[in-house]
Every structure is written in C-alpha cells, then in structure tokens.
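Chains as they are written, first to last, in this note's numbering: chain A, 1 to 283; chain B, 284 to 572.
Accuracy of the hints is not assured; some may be wrong.
[Stated by the list, open to error] Result set (DSBU-like, lysine-lysine): computed pairs, CA atoms no more than 35 Å apart in a straight line:
#1 68(A) <-> 21(A)
#2 21(A) <-> 413(B)
#3 16(A) <-> 57(A)
#4 486(B) <-> 250(A)
It is worth saying that the hints were derived from the structure and are not from the lab.
Each chain is listed here by its residues.
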Amino acid sequence: MPKKNKEQLKMNNLTKGDLNKIFWRNTLGLQLGWNYPRMQGLGYAYTVMPALKRLYKNKKDKMKQALKLEMEFFNTTPQMSHLIVGADIALQDELGMNDDNEKAIAGLKTGLMGPFAGVGDTVFVAIYNAIIYSITAYLCMSGQALGLLIPVIGCAVITWIRWKFFNIGLSQGKKLAFAFSDKMNLLTEGASVLGLTVVGGMIPALINYKIDLTYKVGKVTMSVQGMLDKIMPALVPLAIALFSYWILGKKHMNSTRLIFVLIGLGMILGNLQPICNWIGSLF
Amino acid sequence: MKVSAIAIIVLSLYVGLGQLDALSLKTGIYSPVFGGAVAGLVLGDLKTGLIVGATLQLATLGVATYGGATVPDFLSGAVMGTAYAIISGRGAAYGIGLAIPIGLLLTQMDILARLANTYFQNHATREAEKGNYEAVERNNLYGIIPWVLSRAIPVFIGLTFGAAVVKAINNWIPQWLMNGLKTAGIILPAMGIAILMRYLPLKRYYPYFILGFALMAYFAKQFSLLGLALIGFALAAIYVMNRRKDHQKANSVETKQSTSQPKHIENIQNPNDAIEANRVDEEEVEFDA
Numbered sequence: 001m002p003k004k005n006k007e008q009l010k011m012n013n014l015t016k017g018d019l020n021k022i023f024w025r026n027t028l029g030l031q032l033g034w035n036y037p038r039m040q041g042l043g044y045a046y047t048v049m050p051a052l053k054r055l056y057k058n059k060k061d062k063m064k065q066a067l068k069l070e071m072e073f074f075n076t077t078p079q080m081s082h083l084i085v086g087a088d089i090a091l092q093d094e095l096g097m098n099d100d101n102e103k104a105i106a107g108l109k110t111g112l113m114g115p116f117a118g119v120g121d122t123v124f125v126a127i128y129n130a131i132i133y134s135i136t137a138y139l140c141m142s143g144q145a146l147g148l149l150i151p152v153i154g155c156a157v158i159t160w161i162r163w164k165f166f167n168i169g170l171s172q173g174k175k176l177a178f179a180f181s182d183k184m185n186l187l188t189e190g191a192s193v194l195g196l197t198v199v200g201g202m203i204p205a206l207i208n209y210k211i212d213l214t215y216k217v218g219k220v221t222m223s224v225q226g227m228l229d230k231i232m233p234a235l236v237p238l239a240i241a242l243f244s245y246w247i248l249g250k251k252h253m254n255s256t257r258l259i260f261v262l263i264g265l266g267m268i269l270g271n272l273q274p275i276c277n278w279i280g281s282l283f
Numbered sequence: 284m285k286v287s288a289i290a291i292i293v294l295s296l297y298v299g300l301g302q303l304d305a306l307s308l309k310t311g312i313y314s315p316v317f318g319g320a321v322a323g324l325v326l327g328d329l330k331t332g333l334i335v336g337a338t339l340q341l342a343t344l345g346v347a348t349y350g351g352a353t354v355p356d357f358l359s360g361a362v363m364g365t366a367y368a369i370i371s372g373r374g375a376a377y378g379i380g381l382a383i384p385i386g387l388l389l390t391q392m393d394i395l396a397r398l399a400n401t402y403f404q405n406h407a408t409r410e411a412e413k414g415n416y417e418a419v420e421r422n423n424l425y426g427i428i429p430w431v432l433s434r435a436i437p438v439f440i441g442l443t444f445g446a447a448v449v450k451a452i453n454n455w456i457p458q459w460l461m462n463g464l465k466t467a468g469i470i471l472p473a474m475g476i477a478i479l480m481r482y483l484p485l486k487r488y489y490p491y492f493i494l495g496f497a498l499m500a501y502f503a504k505q506f507s508l509l510g511l512a513l514i515g516f517a518l519a520a521i522y523v524m525n526r527r528k529d530h531q532k533a534n535s536v537e538t539k540q541s542t543s544q545p546k547h548i549e550n551i552q553n554p555n556d557a558i559e560a561n562r563v564d565e566e567e568v569e570f571d572a
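Pulled out of the complex, with its shape left as it was, chain A reads as follows (with noise of 0.2 Å):
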C-alpha cells in the first residue's frame, strides 16, 4: 500500500467535510434499509450521497443516472465497503458522470463486491467474532463485567481499519482491485492460521459437558467421566464438535437445523441418569 497519503487526499470538488459525512454514513447506514430486493443498495446510495449532492446539484439529468447507477443491488461485508465507497466517489470526482464512466463504476461495484465479502466474511466476521467473543464470554461466565470492554475496544479498532480502507479506496480508486485482493489473500490465509488454532482450543475451553453418570461395582461407585479422562482429556466435547461438523457438510442441513439437532442430543444428555435407569430395570 502506498504510503505518500499521509494526510486527507487533495479532491477536486469534494470538501473534507464530504469525505467525513461519506465515511460515516458508510459505516452507521449502509444496512438501514437493508431490503431483499437490492440488498445493501439502498444505503449505498444513501452513503455515496454527499458526493452525489456536491457534484451534480445542478445537474437533474447527472443525478438522476448517478441514483440509478448508485442504489443498484449491492451486498458485501461492511467492514470491506469502504474500499469500494472511496474508490466509486474518487472516480467520480475525478471523471464526473458519463455512460462511460457509470460503465466502470458499475463494473467496479459489481466486480468488488463478491471477492470483498469472501476476505471481509472470514476475517472480520468469522474470525473476528469467534476470537473477540469467546474470550468475552470466557471471562464474564466467571462473572467478570470488564470483559464486556473487549469487543468496545475491537470496535474502535475496526473503525480505524474502516477508515484506512476508505482513504486507500480514495487514494487508489482504479488501481485498486488485484493488487489489494493479493494482499488480503496472504491476510486471510494468516487469518485462517490464527483462526484454526483459536477454534482447536474452543472445544475443551467452551464446551464444559461433563457425563453425569456413575454406576456401582460391587461396592465401588465408578464415574464415567473419570474413566474417559483418562483416555483424553475433553474427549467428549470433541466427539460432539465432530458430529456437529459432520452431519453440518450433509445435505439439508444448515446452522439453524443443527441447533434442534443438538436440543434433541441435549434432552438425551441432559437426562442420561434417568434414561440409563430406566433400561437398567428392563433387565
């Protein structure tokens, strides 16, 4: 990435101001009016708007091709929009409106989105939220109200990495594409690295089933679970994160199909003494 934009990046007719009211709208109503039909179009437009105001005020015909062009169907991950937002309005403040012109930014728009979301959804979704949320939760189980403070600081983090994209958007506007992509390809692959990692260790640390059932030999009262110890340690919850694993690549099933899947395993769970009883007095 280049590093000679220090500072705000000269645009022709755009103010500083602009730029700022562009940035935010970007990030606070991008998905208000997240509809089925064009998806994060809608607030697209609503974030490009400033632009849209400042350079074609005057100019119904301008406005008009620039709204439609701009409040086209559009959907990636939020966190990755800015590059495109600050490429799509230096364009334009460079270029103005135009057939061709509304051709490129189409393609832009269109051509980004989709490998955007790719990178976005697994590093600043997945990822992001399986590291920064676990260790939340790790420490509030045990009553700890401070951990609450670990996605605030992730927040303002992020925000500052928005901003960075935005001012690379800018400063890049059509070079931007394959270099950056490139670029973000190594990151999610570290990503996966550090991701893969963090969700091994999930397994003992946040599944916390332990077998609550014991039987008696002779006078001895024996606990399954402290027999399984022995052979691993956490070898249940891992057998269950396997399962999960397994029967989510079936066809059919989807995360939200696996949540009744697992009910249903933790009523059979949940009452194993009861059950285990109960075939016992069969015999």
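Start from chain A and add chain B according to the hints.
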C-alpha cells in the same frame, strides 16, 4: 416479582438499539453477552445476567449474518431469558434453558423487518427516477423503524407478561425438559465451532487445529483462550512471513515486465474467478434459516 414499567421500556429500547448496532458500528451491545449483562443490571442481578448472556454467547459463536442471511435473535433471547431467570428466582440455568427457544422463535421477526424495508426501497426507486435524492436518503433512514420495532415489540410483550409467562412455564414444562434444554445450552457451542470448522480451510491447515485443541485440553489450567490467541497470532505471522519469502523468490525469478503496469478498471471485469479459487474450502455451509 414483577418487572417495572421503566425496566420494560429500557430493555425494549435497548434491543432495538442493539439491532442498529449490529447493522452499523458493531460495538458489541448487540451481542447476547451484553444483552444478558444489561438485563441483569436493569433488573438488579448482574451476575445471573452475565452467566446467561455468556452461555448464550458461546452457544451462538459462529452464528452471524453472512451475506444478509437471517439467524435466530439471541440478543432478545438473552434479555428475556435473563429476565425470566430473575423474575422466577430459579437461577441462570433456568434462563439459559428458556433463552434458546425464545431466540429461535424470534427468527421470523428479522425476515419481517427485511421484508418491510422492501416498501421503502420501492418508494426510493420511484423517487430516484425523478431525481429526488432527498427522498432516497429519507427512505434509507426509514429503515430504522422496522429494524427497531422487530426487536422491541417482542421483548416489550414478553416482559410485560413476564410473571404470567414464568408461571405458565413452571406449571407446564416438566423437569426433564428443563434439564434437556440446560444441557443443550452447554453443548451448543459445538454448533459455532462446527460452523467455523466448515468456514475456515480446516483440511488445509488441520495441524493448527490439533495444536490448539491439544494445548487447551491438556494444559487447561495454565492456558486461557487469550493465551491461545496469542500463540495463534504468532503462528499466523510466521506463516505469512514464510509465504512472503516464497513470493519474493518466485517474483525475482520471473521477469519483471508485468509488475509495474498499473491495473485499470478494464482489467478487473471478473476478479471473482481468481479469488474464489483461493478462497477457504469448497464446501460451504448454508447459513440461512
């Protein structure tokens, strides 16, 4: 115990605000762990709230809105579950058992909100054709109304009739069912973990997964998830450094003709192909309801 009118209003507004947070900054107040804590604080039992919220958070770790998919509303679940636990005086486990079915039940409210926004979209589309940009801006902001109401109304109703609901639950739900729901709450983190295992390239990087599991399983007393995250970060950094070295070697072998040309928009018609090929696993999970 009855919930005071002020508490009901505060908590109803809170879940509405939480939804807006989930759509924008993501400060964390939208998360179930926050929800439990806030409900606990408002109703005077922070500890119960933290436990209900944290358990629910763990149960739903991997559950997130990918690409606008609808997921169960576990924030409202955490708030109501905590409230019922405190009203009934039966402890956190009771609240956890109730929070999960409540969250599942409220899934449809999210779909309703997204559908309602379609009305504003259509309105904005019509106005845009006339060049009326102010109407476009307004209609995006109107989206706040369905989002907030879809969360606030169920919580408002649920808490207003809280005492009656708890009584009905106590009379009608047998002990074995509550035991089962409680255990489900304990094993549900497996869902989030499984989603992440599917989402991340497990097959390519499984050694890291085993390493994380073994460290945590055998050294649980010395280790915390934060410590593990640091180790994971170090491993990731080492990995990236090595990859970069390989890249540089490969680049220096190649001729440098193609590197200096800036890429223009014409060249990026469909970067999907290049990136999708590199992306995570081929198998993906369906996240929609």
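A quick look at each hint next to the structure:
no., hint, in the structure
1, 68(A) <-> 21(A), "holds, 21 Å"
2, 21(A) <-> 413(B), "holds, 24 Å"
3, 16(A) <-> 57(A), "holds, 18 Å"
4, 486(B) <-> 250(A), "holds, 17 Å"
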